[in-house]
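Student: When you get a sec, could you build the whole thing from the sequences and use the hints?
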Amino acid sequence: MSEILLRRSQFGVHPIAGRIGAEIAGVRLSRRLPAKVLNAIRDALLLHKVIFFRDQDHLDDAEHEAFAGSFGELVAHPTIPPLAGTNVILELDASHGGGRANHWHTDVTFVDAYPQASILRAVVVPSHGGDTVWANTVTAYRDLPADLRTLADHLWGAHTNDYDYATIRPNASEEDRRQHRDVFTSTVYETEHPVVRVHPETGERSLILGGFLQKLVGYSRTDSAHLIAILQSHVTRLENTVRWRWLPGDVAIWDNRATQHYAIDDYGDQPRIVRRVTIAGDVPVGVDGRRSRTRRPHLPLDLPTGAAA
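Just so it is clear: in the sequence shown, position 283 is 283 by this note's numbering, and no numbers are missing.
Check before you lean on any hint, since a few could be wrong.
The calculated label-pair distances, taken between Cβ atoms and stated as ranges, are [stated by the list, open to error]: (1) Asp153 - Leu247: 38 to 44 Å; (2) Ala225 - Asp147: 17 to 23 Å; (3) Ala280 - Ala62: 15 to 21 Å.
With a straight-line Cα cutoff of 25 Å, these simulated DMTMM-like cross-link-like pairs (lysine to aspartate or glutamate) come out [what the hints assert, rightly or not]: (4) Lys36 - Glu201; (5) Lys215 - Asp282; (6) Lys215 - Glu204; (7) Lys36 - Glu63; (8) Lys36 - Glu23; (9) Lys215 - Asp147; (10) Lys215 - Glu192; (11) Lys36 - Asp61; (12) Lys215 - Asp112; (13) Lys36 - Asp57; (14) Lys36 - Glu65; (15) Lys215 - Asp288; (16) Lys215 - Asp143; (17) Lys215 - Asp153; (18) Lys215 - Asp162; (19) Lys36 - Asp60; (20) Lys36 - Asp55; (21) Lys36 - Glu73.
If you're looking for bench data, these hints aren't it; they were derived computationally from the structure. Quantities reported herein were computed from a predicted structural model and do not represent experimental measurements. We put the beta carbon where it would ideally sit given N, CA and C, even for glycine.
Tutor: Dropping the structure here:
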């Protein structure tokens, strides 16, 4: 090979935290990685839920998309246009309000077949601050008391991109609010997911919660809020998380079916630009075999499933 894509003597997977996260060394990400390396990366992702690569500043947008395409079909964000000159890349530029997703979430759960994985590349990072934290929703489920696990197995949640933006970003500028209203919610999606899904590759059970979950089906908003808070508190326990300090050229890949993440907004007006490619997922299946469902036409969240408007 004309280019050294894998430094065999240095290749290794190094866990970072006890329950989630590993750094992979010795790999130069490229569209020409051999199948056995791609398989090793995939295995590490399924085991550790989020994996990190340093020193990948050689990657450009086309190579970023090509590498991501090695793991499945690429999908653009449902409402935000891709970066100019790319097919599906979502650019998150903090100076324009993007990237400040400082709330716990799993990507795009407001659609039924939300992405199986995301690949994020750091382009410009702050000199300090701007870390991202991931949480393991599989171990969070395992930590639940037995009776609470049984309850969660039978719960369904309504997810939507049409939520109260001000409650999450109360200090957002008027421009950011307009961008959210006119672009992010240009099409309103609402989907019902089981609170517990069965991972299609590992068979593990994980919790589908996060910022796009607005209420539990069949429960009042008050009861929903209490139950969701209890379940979510197990997700975000520090023992269940890993925190990554970004350097330019870093790449992170996370299993979006088994994690939540939070971009910490603690860097003031420093520049922060990251670019994300997402890989198409499948429709979640609950422990009883039922699949997630999109609500069409759009119905108020307080109506029970199947009710007429």
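Student: Keeping to a limit of 25 Å between CA atoms, is the pair of Lys36 and Glu63 held or broken?
Tutor: 19 Å, holds
Student: Between Lys36 and Asp55, does the CA-CA distance stay at or below 25 Å?
Tutor: 21 Å, holds
Student: Taking only the CA atoms, is the gap from Lys36 to Asp61 under or equal to 25 Å?
Tutor: Holds, because 24 Å separates the two Cα atoms, which is no more than 25 Å.
Student: Given the hinted pair Lys215 and Asp162, is their alpha-carbon gap at most 25 Å?
Tutor: 13 Å, holds
Student: Would the hint linking Lys215 and Asp282 be met if the CA-CA limit is 25 Å?
Tutor: 22 Å, holds
Student: Does Asp60 sit within 25 Å of Lys36, going by the straight-line distance between their CA atoms?
Tutor: With Cα atoms ~23 Å apart, Lys36 and Asp60 stay inside 25 Å; holds.
Student: Holds or violated: Lys36 with Glu201, Cα cutoff 25 Å?
Tutor: Cα-Cα ~18 Å, so holds.
Student: Please check whether Asp153 and Leu247 have a Cβ separation lying inside 38 to 44 Å.
Tutor: 41 Å, holds
Student: Sort out whether Glu65 lies within 25 Å of Lys36, counting only the CA atoms.
Tutor: 20 Å, holds
Student: Does Asp147 lie within 25 Å of Lys215 when you go C-alpha to C-alpha?
Tutor: 21 Å, holds
Student: Is the straight-line distance between the alpha-carbon of Lys215 and that of Asp288 25 Å or less?
Tutor: 20 Å, holds
Student: Does the Cβ distance between Ala280 and Ala62 fall inside 15 to 21 Å?
Tutor: Because 19 Å falls inside the window, the suggested range holds.
When the structure is compared with the earlier hints, no violation turns up for any of them.
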